[in-house]
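Enquirer: These are the residues of each chain, in order.
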Amino acid sequence: MSAWGKSLLTAALIGSGALTAASAGPQARPTAAQLEAQIRQLRPRKSVWRAIPWRTCLLDGLAEAKAKNKPVLLWVFIHNPSYERC
Amino acid sequence: MFAGAAREAVFSRPEVIRQVNAEFIPVAVRAAHVEGYRQGEEGRLFAGLRESRPAPQGIAVLNQAGQALDWVLMFERPAAIGAFLTHARKLYQDNPAGTRPVSTERFRRYPSMRMDAILAPDARPVPAKHPAGETCPADQLYPTDALVAQVVGRALQADGTPVADTLRQEHYIQDQMPIPAALQGRLAALLADAGGKRVKLPDEFARLIATHAHLGTLDVQILSNPTGGTQTIKELAFFAEPPPAGSQLWRLSGVSDVAGKSRPGHQPDYENQVRLAWRGYLAVGNRRIRRLVLLADGRERLRWGGAGGPASRDDEVRFLPAGHFIDLTTNVRFGIETRSAGSGAQ
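In order, the protein sequence lines correspond to chains A and B. Note that the first sequence ends on residue 697 in the working numbering; no numbers are left out. Note that the second sequence ends on residue 1071 in the working numbering; no numbers are left out.
Certain hints may be false.
Claimed, not checked - Taking lysine-lysine pairs in the DSS-like style, the calculated list, with each CA pair at most 25 Å apart, reads: (1) B/815 x A/677; (2) B/854 x A/681; (3) A/677 x B/854; (4) A/679 x B/815; (5) A/679 x B/854.
Please keep in mind that the hints were generated in silico from the structure rather than gathered at the bench.
Here chain B stands alone, though its shape is the one from the complex (with noise of 0.2 Å):
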């Protein structure tokens, strides 16, 4: 929840906007590559980031050595944002290139709760990028065979309209829903098979589609919850229909019906349900998906959370690795679709 929780909460406040994009540097990297990314140079940055780190999500200034001067997890109040970047950069600007020890102060909250500082390692010349031959970790993201579908999510509104709020991941989500080539080897393969007739398609499929179709964080997940907890899944089943003549788009329909709940015990607890109607179209050759486009309608009952958490708006910053509390029973609308890659998120 950290992560949409300071999306929403800290980096999408104009103040905290104006102030990253004129006074900093701003890059997002994976929890999971600090974690376990050991590779050349960004994994010696990496080590040296897990050292002084409050917990495997946050908010760092780094010197042009990639060294942390400054941790952050909270907030106690929307302006400690804006206070903790200009104290973050008045370190900077003290030691911009780490040619003197640098102590990494460390903040669970910011200014209230300060935890030991740690010496960060040494400072070492690092190269403006990667030698030839190697990735970026940044790059490796999903599998090179991989298809990677965009998939767009919007709660509806009585008249069928999207809400306009987008900032809320319970109002609107955009995700990418990488499509493994052997999975793309089997579709096109059932297809090839199917003797001009209806066909079923694999549940691998429709389980991928049903995993990424929901409103919400990652927590909310109905399908692979990263929390745990259990699943129903009520129906889920799509089908192909031979394309018309003329045509090499073979007609999809589907139903997911799947609910999710946390497991006893865990908090912040969730219960997820969706039902949707699905109807699309998928063209295949040499053995990859071509073209994967996907719309559906339905229902989405959402929660999230409950007591103790954030009061008020302005409160989520001190909390924010338990998001807010959502409740909600709407209309909702998903699409799906390939692009070509390299073609960005957009």
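Just chain A, same shape as in the assembly (with noise of 0.2 Å):
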């Protein structure tokens, strides 16, 4: 293994709490709930990409375009602005 590989291997090891679980057992296994918990650590709680809530139908936004008297602001994007990678 590559100097770069044994870095990373130790850097997710130690990141993961696996050498610590290892050592003490099958006990420290974190259950789904707990990485679940942890999952949700990573969320932030207020993302800017959410602060223009962007409507995904062209229809209904022309429609609420009407009803308002607003133009639309059409971005042609590659997936969903709000929760996906670009």
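Make the complex out of the two chains shown on their own, each in a separate frame, by following the hints.
Expert: Below you can see the structure in the form of structure tokens.
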């Protein structure tokens, strides 16, 4: 294994707590609920990606534009700008 | 790169957010739908947009009839974003329903790089919603029987806490990962036939995970990169251990170690290496995944672009298709979990 690979693996094991878990035995393995809680902690409470509520249906958007007498700002995008990698 | 750069450099500016939310109806549609969706009224409107768009991706202002009043791809400086929106809104106020012919303005860069204007198709009444039996293309993103898992990833600081910035995708990613029904069926059958022993999960499953677990934009995706390039799978394997008594949750573990780089001569060039140690749980039933949760820690090396890009953050609006220079090596953490259909992607 290369030095890069060794450093990556070490970082992964330390970061994951796997070294600690391995030495402490199987009882230390996080539960599914604990893993889900850790994933929730990765999500920001407030994301600037979601500061603009992008509609995704053009017909709905045009109907709303007519009702509110506002122009549509159309963003031709790759995925969903509020939730997805782009 | 355009989409990610536009999200970061244009639509995350407080003054732009305020103006968009106050004065416009913001709609985001997929470039692939504008390119190829041809059904119903939305297909007709997309066809009209295809005639005037300067590039497959871009930003436009439409009137109530769906006619493009203005297109823009980049901006001369940050203040030009607001100036463009104000300018386009005046065009709208002058002809909100398209009762008079519309000449679509087009800017490669606003306001300095104007392209030829194009006459928009005549305005026609637009129905307020899709007719009964017609599905909006926005709701056809994935096969209806696919399970969509949510993916989140963060760069970590030296102390193991996430980097605070959640705007840049090299620091924070959120994504959706559809798991095809056929793959779910294969997983369920494999576990049913495991005889209570530890089993290696299908390579297709491992590859799906590794495809989504990286920082950065789609353009630095390691496996199945949309711009091509080379990919190296150094190690990629996931295993499932039988549930303990009283549980239906198989225990998952795995390693993904993949690397990719741009093909020679491709600009901007990239390289991306990610090594992750995974653990998690999987429950299956009736040939479907019932619950999947995976968490990984590891390290990522990511580089994108080089000379010729934006010189400063404010300069990024001038180079949206190119994005900004990235060169980082960081500890990372990724999470993947399934949620019930229709629960949103929060």
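Enquirer: Quick one: which hint numbers does this structure break? Sort them smallest to largest.
Expert: Of the numbered hints, all hold.
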